[in-house]
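Chains as they are written, first to last, in our numbering: chain A, 26 to 338; chain B, 26 to 338.
Hints are computed from structural coordinates only; laboratory data are not their basis.
Since this is a predicted model, take the numbers as computed values, not measurements.
What you were told as hints is all true, and nothing was included just to trick you.
Note that identical chains are pooled: a pair holds if it fits in a single copy or bridges any two copies.
List of simulated lysine to aspartate or glutamate pairs, EDC-like, C-alpha gap at most 20 Å:
(1) Lys69 / Glu215
(2) Lys69 / Asp216
(3) Lys219 / Asp70
Below are the chains, spelled out letter by letter.
Protein chains: 2
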Amino acid sequence: MFLKNRLSRKSVRKMNKFDLNSYLSSKRKQIDTALGIIIDNNSKDSTIRDAMKHSLMASGKRLRPILCVAAADAVGNHSNPTIRTACAIEMIHTYSLIHDDLPAMDNDTLRRGQPTCHIKFDEATAILAGDALLTLAFEILSSVNAADTDRGALNRLRVINTIARAAGCNGMIEGQMQDIAAEGKVLGLEDLKKMHRLKTGALIEASVISGTILGNGNRDQIEKLKNYARNIGLAFQITDDILNVEGDPDIMGKDVGTDQSRGKSTYPSILGMEKSKKFARKLVNDALKVLDYFDNKADPLRAIAHYIVVRNK
Amino acid sequence: MFLKNRLSRKSVRKMNKFDLNSYLSSKRKQIDTALGIIIDNNSKDSTIRDAMKHSLMASGKRLRPILCVAAADAVGNHSNPTIRTACAIEMIHTYSLIHDDLPAMDNDTLRRGQPTCHIKFDEATAILAGDALLTLAFEILSSVNAADTDRGALNRLRVINTIARAAGCNGMIEGQMQDIAAEGKVLGLEDLKKMHRLKTGALIEASVISGTILGNGNRDQIEKLKNYARNIGLAFQITDDILNVEGDPDIMGKDVGTDQSRGKSTYPSILGMEKSKKFARKLVNDALKVLDYFDNKADPLRAIAHYIVVRNK
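Excised from the complex, chain A in its bound form (with noise of 0.2 Å):
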């Protein structure tokens, strides 16, 4: 226990030296500009091309993506298929945010600092923008060269499977249907951290297994960034609720208030907020233990780790 504190000291001090603005912001660059070329080069001048830009170029954090990338890092080298992963991951982020904002569910009106698909555009068009944008990820993960060989395409079907089980009924989307039926209920902590887990924990998840995969990563490799995705991406969530509390709306490009507004239970309505802030602290820096056990490769996820809990936005 005490070498495990130690050690977890030893990469807090590490990930301060590490600067994860330039960091983030040039992956968000990469990230942004490889989207920008996906979606000019797979979809036709349309309609649904203009509301799939809309939603999935407005300035996002690019969190998950980066996960991916900064995971493939720190168990070897990402490459070209690590960027489309990312991006793929990205995209069904945005499917997901999409269809969550429809009248039928959230009814939200503002994401990304710009009016949500549907509003821009109609409900119909919103509907099929997240639907193609989530068709366009697969497209993109199983897309093939005519210089591909067999070799490494077991691997790639591995990333397919990880990030549609996260995305799925077990994940994801099931996430979202208890997300709905708890409106107007109180939760208990353990029922919110399970309904987390699956609407914001599983993808986060995905993202780090796959770059983990991506970058060749061995099964015991994969099982700590597992463990590591799985306490900040809980971490994320908290966080999440605390700046729906606290956020600045301006900073956020969305409205802040509207948790306690339909009667969510959260984080800070269950423990309160200095409990809250402790726990996604305590998260934190379980995830950073497991990280002791890479090398300084892992840096950037030790600095994605701290920024979590830090960002504002």
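Starting from the structure of chain A, add chain B where the hints point.
Just chain B now, with coordinates in the frame of chain A:
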């Protein structure tokens, strides 16, 4: 030309000996059983699973999955991966029906003899059940067993890519966008063909191509069966339009006369009923001519082409 006609007559004779009804009913049973197992094994007991099952397990023609299996049979032998791929295609077809039926789109209340998903459940659940079926399809297509090797994995990526492209923003989804935009407008024949090629033709083509790839068909066979699929896909849509005028709603399990009441352009509305029927027969004959290059393992495909235009639902 004479030879081609003679070969085509030979195909028709061959086809008549083939017991299509037994074939279709045995394949439907096989696919229904596999779909039931997949949905029970891959989703927890929950509302979202009930909604997915409601739409997926309602009696359907299962045309696309049967075409996938029949194409694999025509070039080689179908196998377990072919049945699973066939099931995934049916899930994608069902997701598209659930979303097309939504109030924001066609606002239909009856489908496959059952209340549509948003009527039986609610709108949010129907949107998410569609999303979940689409996602589960890709989970099934990418599932990897411990015994799997890299060999064949590249072909499986090709199949996923073929299906995703057909279902996406340059295929089925763009077709649905064009269909919505066309409501109340009078379309020309070429625009109508283009719209249907995307909306229904693309996934029918992908079903046949996927089966051909999984049956280890060569490039020439893929090209020929793609041509076959294009012809029967269009013939299928024309027959759908005809049945929307002349069909029996009790047999079809859905309302008739809806195209006219919505002011939709259809083949009968543009060409007239007799010319539409003649056009559908010509397309089937063209499809049969393509099959002259295949032996009697393609009999199911021959019989299905015939069935496309004589069906009553």
